[in-house]
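Peer 1: Line by line, the protein sequences give chains B and H. In terms of the working numbering, the first sequence opens at residue 1 and continues consecutively. In terms of the working numbering, the second sequence opens at residue 1 and continues consecutively.
Among the hints, a few may not be true.
To be verified - Just a sample of chain H residues kept apart from chain B, beta carbon distances all over 12 angstroms, derived:
1) 29
2) 32
3) 35
4) 63
5) 109
6) 119
7) 122
8) 152
9) 161
10) 165
11) 180
Claimed, not checked - Cβ-Cβ distance ranges computed for the label pairs, FRET-style:
12) 31(B) <-> 209(H): 35 to 41 angstroms
13) 50(B) <-> 209(H): 22 to 28 angstroms
14) 74(B) <-> 203(H): 45 to 51 angstroms
15) 207(H) <-> 128(B): 16 to 22 angstroms
16) 123(H) <-> 155(B): 54 to 60 angstroms
17) 83(B) <-> 151(H): 48 to 54 angstroms
18) 83(B) <-> 123(H): 40 to 46 angstroms
19) 150(H) <-> 123(B): 54 to 60 angstroms
The hints are simulated quantities; they were obtained by calculation from the structure and are not laboratory data. Built from N, CA and C at the ideal position, the CB exists for glycine as well.
Spelled out from the first residue to the last, the chains are:
There are 2 protein chains.
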Amino acid sequence: MTTNDACAAPLSPTPRTTLTRARERGRTERADLYPILDTGLVCHLGVLLGGTPLVVPTVYGRAGNTLYLHGSTGAGNLRAAVGAEVSLTVTHVDGLVYARSAMHFSMNYRSAVVLGRADLVTDPAERLEALRVIVEHAAPGAWDRVRPPSRKEMAATMVLSLDLTEASVKVRTGGPRDDAEDIAAGGTWAGVLPLRQEWGAPVPSDDLGAGVAVPEDVAVRAAGGVVSA
Amino acid sequence: MTTNDACAAPLSPTPRTTLTRARERGRTERADLYPILDTGLVCHLGVLLGGTPLVVPTVYGRAGNTLYLHGSTGAGNLRAAVGAEVSLTVTHVDGLVYARSAMHFSMNYRSAVVLGRADLVTDPAERLEALRVIVEHAAPGAWDRVRPPSRKEMAATMVLSLDLTEASVKVRTGGPRDDAEDIAAGGTWAGVLPLRQEWGAPVPSDDLGAGVAVPEDVAVRAAGGVVSA
Chain B
1 MTTNDACAAP LSPTPRTTLT RARERGRTER ADLYPILDTG LVCHLGVLLG GTPLVVPTVY
61 GRAGNTLYLH GSTGAGNLRA AVGAEVSLTV THVDGLVYAR SAMHFSMNYR SAVVLGRADL
121 VTDPAERLEA LRVIVEHAAP GAWDRVRPPS RKEMAATMVL SLDLTEASVK VRTGGPRDDA
181 EDIAAGGTWA GVLPLRQEWG APVPSDDLGA GVAVPEDVAV RAAGGVVSA
Chain H
1 MTTNDACAAP LSPTPRTTLT RARERGRTER ADLYPILDTG LVCHLGVLLG GTPLVVPTVY
61 GRAGNTLYLH GSTGAGNLRA AVGAEVSLTV THVDGLVYAR SAMHFSMNYR SAVVLGRADL
121 VTDPAERLEA LRVIVEHAAP GAWDRVRPPS RKEMAATMVL SLDLTEASVK VRTGGPRDDA
181 EDIAAGGTWA GVLPLRQEWG APVPSDDLGA GVAVPEDVAV RAAGGVVSA
């Protein structure tokens, strides 16, 4: 389920994923898409709800060329996505670009926009595997050491899948692209202030009994520090 | 322009911003909305483009109860938003919640979803002020020391405004809400791994001349470290 077989195939360019501006920031390979998705924690899902393009932050997970979402069967936002055209965006902000002129300020970032139809997953085995993929995406190494979903929990959970074939990846790196006159004028600082996410030290739950050690997956993540760089 | 006069008024609840689930995570005061917007760097804008609810990451700024967006006049995504119903979401992920069972894993977060019509700003003074607000939001203290927008740059720039009256704020804090039986069973670690964003050291642009010091606004931000906590 987590093979990268599709990695060699370029993303399918369609009119809505073909960049009309800033083409040099566009990426067309699946190898560019997967790392952006895999290192994100939250995606922003776009669903049409009552005529409004609603943007909902939610967790997700990827298995091969399929992205999984889940939620309560009572979640109206997610129900609106079933069988519908949606978009899903993951954005990493890597730094702020300080320029010599106001209009050249920018951000260094990596973003992926996926477009497609969200399908309801009904096969019990795939539903469970999707939940494993989502939990492992959010908390790598945790699934095998915690209580699996009960029958009741599974019944209350909706799982959606989204094919990763139609996507647009944009990446900006490096310093400001100032105008030649502003560079020549000198005197104004220009550069990048990098931004990174970092995990802190584990905070045990108030209701945790004595003598329960921090598991290795949590300790490793806390020690590793950087989530995305 | 940056007064908090509207702070005392509750957000206007409408059917689409009234939470149907997890009501305890909902916030209804403007005082909850503004800090979430003010400490974010990027928002995710939902626009209806060719029938698809497209989610576009973009920068923004807030002045009082108005949120401003900008972009190139050639940006199809932004043009699609003019005069249209849009949504705009800002999300901070504050930590990962490790539970004793798979389905109780969660995230600590603060998110705001704003709904409304995006209006084209045409008044020259408001357009310039909006750009100042956006640059100052992304890079506090920078506007006054850099070259302001030229007439040509202004002509190539589209500015949109969005009223902040209809919004939904959600906040999750604290440890996992595990089932009583799982807590009683003991043995499985539960708690929170905090996540924070941190600025790194300034990286001067390759084309920066010798002897140009890092400005105070950049130095202060780099030293302050935490963007959102």
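Peer 1: Hint by hint, say whether it matches the structure.
Peer 2: Outcome of the hint check:
1. Annotated as non-interface, residue 29(H) keeps its C-beta farther than 12 angstroms from every C-beta of chain B; the closest such distance is 20 angstroms.
2. Taking the minimum C-beta to C-beta distance to chain B, about 16 angstroms, the non-interface status of residue 32(H) holds against the 12 angstroms cut.
3. Every Cβ of chain B is farther than 12 angstroms from the Cβ of residue 35(H); the closest lies at roughly 17 angstroms, confirming the non-interface assignment.
4. Every C-beta of chain B lies more than 12 angstroms from that of residue 63(H), the closest at about 16 angstroms, which supports listing it as non-interface.
5. Distance check for residue 109(H) against chain B: the nearest CB is about 7 angstroms away, which does not clear 12 angstroms, and the non-interface claim fails.
6. Interface exclusion of residue 119(H) from chain B stands, the closest Cβ pair being 16 angstroms apart, more than 12 angstroms.
7. Residue placement check: residue 122(H) keeps its beta carbon more than 12 angstroms from all beta carbons of chain B (closest about 18 angstroms).
8. A Cβ of chain B approaches the Cβ of residue 152(H) within 12 angstroms, the least distance being about 10 angstroms, so the stated non-interface status is violated.
9. Chain B leaves residue 161(H) outside its interface by the beta-carbon criterion, the shortest separation being 18 angstroms against a cut-off of 12 angstroms.
10. Every beta carbon of chain B lies more than 12 angstroms from that of residue 165(H), the smallest distance being close to 15 angstroms; the non-interface claim holds.
11. Not every CB of chain B is more than 12 angstroms from the CB of residue 180(H) (nearest about 10 angstroms), against its label as outside the interface.
12. A beta carbon spacing of about 38 angstroms between residue 31(B) and residue 209(H) agrees with the range 35 to 41 angstroms that was offered as a hint.
13. Our hint of 22 to 28 angstroms for residue 50(B) and residue 209(H) is violated, since their Cβ atoms are close to 55 angstroms apart.
14. The given range of 45 to 51 angstroms is respected by residue 74(B) and residue 203(H), whose C-beta atoms sit roughly 47 angstroms from each other.
15. The given range of 16 to 22 angstroms is broken by residue 207(H) and residue 128(B), whose C-beta atoms sit roughly 54 angstroms from each other.
16. Taking 54 to 60 angstroms as the suggested C-beta distance range, the pair residue 123(H) and residue 155(B) conforms, at roughly 55 angstroms.
17. Here the CB-CB span from residue 83(B) to residue 151(H) is close to 49 angstroms, well matched to the stated 48 to 54 angstroms.
18. Between residue 83(B) and residue 123(H) the beta carbons are some 44 angstroms apart, a value that agrees with the proposed interval 40 to 46 angstroms.
19. Taken as a hint, the range 54 to 60 angstroms holds for the pair residue 150(H) and residue 123(B), whose Cβ atoms sit roughly 59 angstroms apart.
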